[in-house]
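Chains as they are written, first to last, in the working numbering: chain A, 4 to 234; chain B, 226 to 1013.
Mixed in with the good hints, there may be bad ones.
Dumping the calculated SDA-like pairs for lysine to any residue here, alpha-carbon to alpha-carbon at most 20 Å [said to hold, decoys possible]:
| hint | chain 1 | residue 1 | chain 2 | residue 2 |
| --- | --- | --- | --- | --- |
| 1 | B | Lys-338 | B | Asn-323 |
| 2 | B | Lys-628 | A | Gly-50 |
| 3 | A | Lys-85 | B | Ser-623 |
| 4 | B | Lys-232 | A | Asp-105 |
| 5 | A | Lys-85 | B | Asn-323 |
Between beta-carbon pairs, the in silico distance windows are [said to hold, decoys possible]:
| hint | chain 1 | residue 1 | chain 2 | residue 2 | range |
| --- | --- | --- | --- | --- | --- |
| 6 | A | Asn-180 | B | Lys-1000 | 25 to 33 Å |
| 7 | B | Pro-592 | A | Ile-76 | 56 to 64 Å |
| 8 | B | Ala-549 | A | Tyr-20 | 25 to 33 Å |
| 9 | B | Pro-592 | A | Ala-125 | 42 to 50 Å |
| 10 | A | Thr-194 | B | Leu-619 | 37 to 45 Å |
| 11 | A | His-211 | B | Leu-619 | 43 to 51 Å |
| 12 | B | Ile-948 | A | Glu-210 | 52 to 60 Å |
| 13 | A | His-80 | B | Arg-506 | 50 to 58 Å |
| 14 | A | Glu-210 | B | Ala-246 | 22 to 30 Å |
| 15 | A | Ala-125 | B | Arg-506 | 53 to 61 Å |
| 16 | A | Ala-125 | B | Gln-916 | 39 to 47 Å |
Among the chain A residues that face chain B by a calculated CB cut under 7 Å, a handful are [as the list claims (entries may be wrong)]:
| hint | residue |
| --- | --- |
| 17 | Asn-58 |
| 18 | Ala-87 |
| 19 | Asn-102 |
| 20 | Ile-104 |
| 21 | Ile-118 |
| 22 | Gly-154 |
Rather than coming from a laboratory, the hints here were simulated on the basis of the structure.
Using N, Cα and C, we set each Cβ at its ideal position, and we do this for glycine too.
Single-letter residue listing:
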Amino acid sequence: MMQEAPMIKITNLEKFYRTEEVETIALNKLSIEIATGEFVAIMGPSGCGKSTLLNILGMLDDPDAGSYIFNDIEVAHFTERKRADLRKHNIGFVFQSFNLIDELTVFENVELPLIYTGVASADRVKRVEEVLDKMQIMHRRNHYPQQLSGGQQQRVAIARAVVNKPKLILADEPTGNLDSSNGNDVMELLTDLNEQGTTIIMVTHSEHDARYSHRIIRLLDGQSVMENIMV
Amino acid sequence: MLRNYFKIAWRSLVKNKLYSAINIGGLGAGMAVSFILLIYVYNEVTFDSFHEKKDRIYKVMKNQPIDNGIGTGDATPVQLAGVLQKDYPEIETTARTNWAYDQLFNYNNKPLKFNVMSADASYLDIFTLNFVKGNKRDAFKDISSVIMTESAVKALFGDKDPMGQTVKLNGTQLVKVSAVIKDLPQNSTFRFKALISWKLFESTQPWVKNSGWGNYSFMTYVLVKPGVDADALSGKIKKLVARYNADNKENKLFLFPFTSWHLHSDFKNGVNTGGSIEYVRLFLLLAIGILLIACINFMNLSTARSERRSREVGIRKVVGARRAAIIQQFLGESILTAFLAFVFALLLMSALLPSFNELIGRQLTIPYTNYWAWVAAIAVTLVTGLLAGSYPALFLSSFKPVKVLKGVNSTGKTIWHTRQILVITQFVFATCLIISSILIYKQISFIKNRPVGYLQQGLVEFDLEGNMIKQFDNFRRDAISSGAITDAAATSGSIAHTNGNTWGVTWPGQLAGEDKIPIDQIAVSYHFTSTFGLHVLQGRDFDESRTGDTSTLMLNEAAVKMMRLKQPLGQIVKWQGKQCTVIGVVKNFVWASPYEPVKPVIIGFDKSWAGQVGMRLNPKAPVSQSLAKLEAIYKKYNPEYPFQYKFVDESFNGKFQTEKLLGTLSTSFTILAIVISCLGLFGLASFAAEQRKKEISIRKVLGASISHLWFSLSKEFLQLVIISFVIGSAISWYYMNRWLAHYTYRTDVSWWVFIATISISIVVCMLTVSWQAIKAALSNPVKSLKNE
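My request is simple: use the sequences and hints to build the entire structure.
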């Protein structure tokens, strides 16, 4: 089915959480492939390992065993620093609770990833304005996050996730804190991004949201139990 | 990127106004006090270093056997300078000076008193004086020349050109201004306002020239040639006295570096034991300690807020920040805060410095124009910022984004322990200061309650000078009949200070060598005991009606004891080369150090030594009225001189100046340390309240009472304070006992001091912590549980 090499290929991925007495398996020899340009939804009950998987895919966490190949590079045992470098150029994140910095304005929040990738100041202004315009929140550029509605905050968060033009967007229940109308807007935005070529992996509880994706991966106890291809 | 850091730092400061005020205020106050102390320390360690030849200047000192041991002093005979110059080729030049004292200048009927020193012309070659007018070569060419400082010239002549002006010195001698120098700097041992030549001094006081090898009344300074080994030279002059004056062959001379004099002038048994350097060390320690607790405070408050910043760190990491970038950001914030604190400290310093100057009796200034002072201050600020920010920076940057974004507390036990240790450090410091302050005041009040042996209240003294020397009896008669005083007596010096000592005293039953022991002396005329309120234990005072009393003397109890006289009255004691009959014994009176046992004193009769007048004010008349009457009578007999008097109890209180200063400083620092420590505790308490929010809510839902919650939050801090108290009291018990050991008369380290300290600490701690604890206990449990 796939001609070119997949963007993401994980094989026999394992992750454990240990406390003093118990060891919990979060991911149990999980193997998944995701192609460039796909829109994948990950579903499953609480504690099935969805968020752990997303964190590993986003290089925020490292696996205990197994392989993770991202764009032909094995990253499973990268140092934190190497992961950070790869991450900031390739991956954007969208969270359920938006995670904007309260002390920064809308503009400055969106600008942040560009600062860390070393984009020049004039270029930053241009790119931030471009993306704010696209997300239709240009008029709010000098506001602080608390002055915005939930839907607006999530738009800012998405703007921040895409400003660096990442190849991959990881969304962790992006509509979880929104009403249905704002939720639909966000899903439309993500679909647009996907249609423009960005790969999207989204963790969700909502069957409604999952229907926007090409494929649903269902997890249970750290293993993939079913894949639905959406038509 | 930098701009972004400062932007967020600034907004974060503005957003949390209370926190920022506490943080900047605490650090700023700590810095201000610390910097003032450092200015003081700098001023002390650079004392006398403005003399260009400072490394080659030495003071000649003398070791002499005393009652039990060796006494060291800087008084030398008048011939010494010439002999040193003649006998030792290593010496480039020598100069003599007397002890500077206030003398009367009169210009156009304007009388003013200035501190005057007499010195050889070579003094100008040894020491560095800044000549504004005239020059050092010609300044003492004419015997009746005077070199004056700018401020003295200004006071005496106003804007008139002072050069060549003639003024009357002490009502008789005409002198001409030959040069004007800049006022001596703040950190100079010499403090004179006018300098007259040694030749003039000798011509006005002929006894000086003939005072001989037995008279140690002058200071001798030596400038050695470059490259000379001063230690070796010091060894060579050791036995010089024996060669010229066999009678005093026990007196050994040595050279002492002039620049060390200010901080190292204490000698015990012939060995240098330091001096004010102790205070410099103490102040340096305090400066570092205060800056340290302010830093600790800063760290505590910053980490306490980490919970709130952890999410920000997580986000930054997710969008691509490396750990180094986060560290940079937080260090940037703490450096910014440190610089704001520095600005605040500068304002605070200029407000505090005048009071501090008054306290320590110095004229310290903030060295605004000193390039190096700025470099040093900015370096200290930078280091403070780095030090204070390093812990929060390293700690905050270590947060795992996955965890903090999920709200998992990554603030573990280690951070809690570290912060506990920081708080204990602060409170140990505070405990030590509280105990020290209490003990210093306890010691002062103990000494003040020591009986002085005479009636101090209502006793006034003034210098006997000018016409008053001849007119004293008339003055006394008029003053008594006016009702201003009840009695007056002329003495050789003030009763508030030791006048001087002599040796060569002999008495019946004296052991060999005892005639070499220096014994304190005061020379008086009539009415001495009645004026000063001394208790005559045996015999009587000198009596005007008995002509034979000119060859008599009185002793104090300590002298009788030292001389082992069973029947002192009628014994013959040789004093000042004269056979004198003991006619009275007075009760011991304190005139030297109030901390030491009273030493033997000879009260001799010699009118010609009179230099001071003591008066007993009439207790029935108002003091101001009596003083006004006395001034009028004084002016009648001595119109040339201003009537300047001193109350004996005030002069005596001057002896407690060092201890009082220590007490005041210690109290100020105690308060400061407590305030800063409380800020730290406040930070820790808010941190704990924040961290235990969930636990408190669950307890509350399960039915815990407010008082129960308050106790469960406060008890940990109580433990910290108690641990600090145990450590702090052990440290202060040790060093305060050592401090008290300096004094023969001393208070004890009572148990109540420790009870008081722990009580103060607990009360202060509970007041600080309870606010946070009660706030947390009263908060709505639903809110914090929902956030989970």
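Status of each hint after checking the structure:
Taking the CA atoms of Lys-338(B) and Asn-323(B), the gap is about 17 Å. The hint holds against a cut of 20 Å. Between Lys-628(B) and Gly-50(A) the alpha-carbon distance is near 15 Å, which keeps this suggested pair within the 20 Å criterion. Pair hint Lys-85(A) plus Ser-623(B) holds up; C-alpha atoms about 16 Å apart against a cutoff of 20 Å. A C-alpha spacing of about 13 Å is found between Lys-232(B) and Asp-105(A), which places the hinted pair at or below 20 Å, so the restraint holds.
A hinted pair counts as satisfied when its Cα atoms are at most 20 Å apart, and Lys-85(A) with Asn-323(B) does not qualify at roughly 79 Å. Between Asn-180(A) and Lys-1000(B) the CB atoms are about 29 Å apart, so this pair conforms to the stated range of 25 to 33 Å. Between Pro-592(B) and Ile-76(A) the beta carbon distance is about 60 Å. The supplied range of 56 to 64 Å therefore holds. One distance hint, 25 to 33 Å for the beta-carbon pair Ala-549(B) and Tyr-20(A), holds here, with the actual separation near 28 Å.
The given range of 42 to 50 Å is respected by Pro-592(B) and Ala-125(A), whose C-beta atoms sit roughly 44 Å from each other. The hint said 37 to 45 Å for the Cβ distance between Thr-194(A) and Leu-619(B), and at roughly 43 Å that hint holds. Between His-211(A) and Leu-619(B) the beta carbons are some 45 Å apart, a value that agrees with the proposed interval 43 to 51 Å. The hint said 52 to 60 Å for the Cβ distance between Ile-948(B) and Glu-210(A), and at roughly 58 Å that hint holds.
A beta carbon spacing of about 56 Å between His-80(A) and Arg-506(B) agrees with the range 50 to 58 Å that was offered as a hint. Taking 22 to 30 Å as the suggested C-beta distance range, the pair Glu-210(A) and Ala-246(B) does not conform, at roughly 52 Å. For Ala-125(A) and Arg-506(B), the hinted distance range of 53 to 61 Å is satisfied, since their beta carbons lie about 57 Å from each other. For the hinted restraint 39 to 47 Å between Ala-125(A) and Gln-916(B), the CB-CB distance of approximately 44 Å keeps it satisfied.
With its C-beta approaching chain B no nearer than about 5 Å, Asn-58(A) sits inside the 7 Å limit, and its interface hint holds. The interface hint given for Ala-87(A) holds, since its Cβ lies 5 Å from the closest Cβ of chain B, which is under the 7 Å cut-off. For Asn-102(A), the interface hint holds, the least distance from its beta-carbon to any beta-carbon of chain B being 5 Å, beneath 7 Å. Annotation: Ile-104(A) was flagged as interfacial toward chain B, and the flag holds, the nearest CB pair being 5 Å apart, inside 7 Å.
The criterion of a C-beta within 7 Å of any C-beta in chain B is met by Ile-118(A), whose closest approach is roughly 6 Å, and the hint holds. Interface hint at Gly-154(A): violated, since its Cβ lies 19 Å from the closest Cβ of chain B, which is beyond the 7 Å cut-off.
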